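A.B. asks: Residue 227 is where the sequence shown ends in numbering that gives the first Met the number 0, and the numbering goes up by one at each step.
Hints are supplied without guarantee of correctness; some may be wrong.
Label pairs and their calculated CB-CB ranges [stated by the list, open to error]:
#1 R197 x A170: 44 to 52 Å
#2 D207 x E150: 18 to 26 Å
#3 P210 x R165: 21 to 29 Å
#4 N84 x E150: 37 to 45 Å
#5 V167 x R197: 23 to 31 Å
#6 E87 x E138: 25 to 33 Å
#7 E191 x R129: 13 to 21 Å
#8 I169 x K124: 24 to 32 Å
#9 D184 x A151: 18 to 26 Å
#10 K143 x A170: 36 to 44 Å
#11 F132 x N195: 22 to 30 Å
#12 P210 x A170: 43 to 51 Å
Because the hints were derived from the structure by calculation, they are not lab data. Note that the structure is predicted; figures quoted are calculated from it, not measured. C-beta atoms are modelled at their ideal positions from N, C-alpha and C, and glycine is treated no differently.
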Amino acid sequence: MYVFFSPITGRINKQLRSDVFKKIKYNIMIKRTFKWRNTITIIALANLGLGCNIADKRSSMEKDSVGNDTAVKDHVGGVETFETNMEEDAAGYLKAASQSLVVQDSLLTAALSSGSSEEIKTYAKKARERTRFYKKNLEGFCNKNKVLLNEALRIEQVDSLRWLSRQVGIAFDRPFYKQLSVELDKNIEAYEDANNARQQRVKDFVKDELPRLKKEKELLDELGRKLD
């Protein structure tokens, strides 16, 4: 009992009680800190979720507000096309016709710059002007109706043109005629298919263009007979 009430032990006991109180106070502060941290984390996560939702809604609204000139994937031709109210099949046929016209233009250009005969060069000069006129008409119609055309040549087409450009005389003339004839047939077939579209504007366009291509085929066949 004396030790408990001595001034020295009293100071020791008082110091012990002070240390205990400090530890209790520290533990309370730690718990409060964790509590606030958890609260802040929850708020941050909630804000993050809200921000994501707002971003998703904004993105959705932006997509919904996009006009008809947005490029989207079109599986008809395997290329991109602008959103359009044209029939999908009709748009595909017009793109096929465009691809054929691009090849025709390339063949005629090769004829003018390679070792072809003078007869072929004379034909190619005027034929290329007409082909580019047909091509311009198609591009104008497709742009008006928001159909994006793919005018890039395929790798095998480029290789074929390179091979043809190295030929001279009859070695150039006959393959040139055959390839151009095939492409014109494709072009005519594409327009004939497009003519079956329900939309009158497509029919009207094909009505003007198809006779021109058939006449072009007649001129080419006449050239082919001269090569025989």
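A.B. asks: Give a verdict on every hint.
C.D. replies: Status of each hint after checking the structure:
no.: 1; hint: R197 x A170: 44 to 52 Å; verdict: holds, 47 Å
no.: 2; hint: D207 x E150: 18 to 26 Å; verdict: holds, 21 Å
no.: 3; hint: P210 x R165: 21 to 29 Å; verdict: violated, 36 Å
no.: 4; hint: N84 x E150: 37 to 45 Å; verdict: violated, 23 Å
no.: 5; hint: V167 x R197: 23 to 31 Å; verdict: violated, 50 Å
no.: 6; hint: E87 x E138: 25 to 33 Å; verdict: violated, 19 Å
no.: 7; hint: E191 x R129: 13 to 21 Å; verdict: holds, 19 Å
no.: 8; hint: I169 x K124: 24 to 32 Å; verdict: violated, 19 Å
no.: 9; hint: D184 x A151: 18 to 26 Å; verdict: holds, 22 Å
no.: 10; hint: K143 x A170: 36 to 44 Å; verdict: holds, 43 Å
no.: 11; hint: F132 x N195: 22 to 30 Å; verdict: holds, 25 Å
no.: 12; hint: P210 x A170: 43 to 51 Å; verdict: violated, 34 Å
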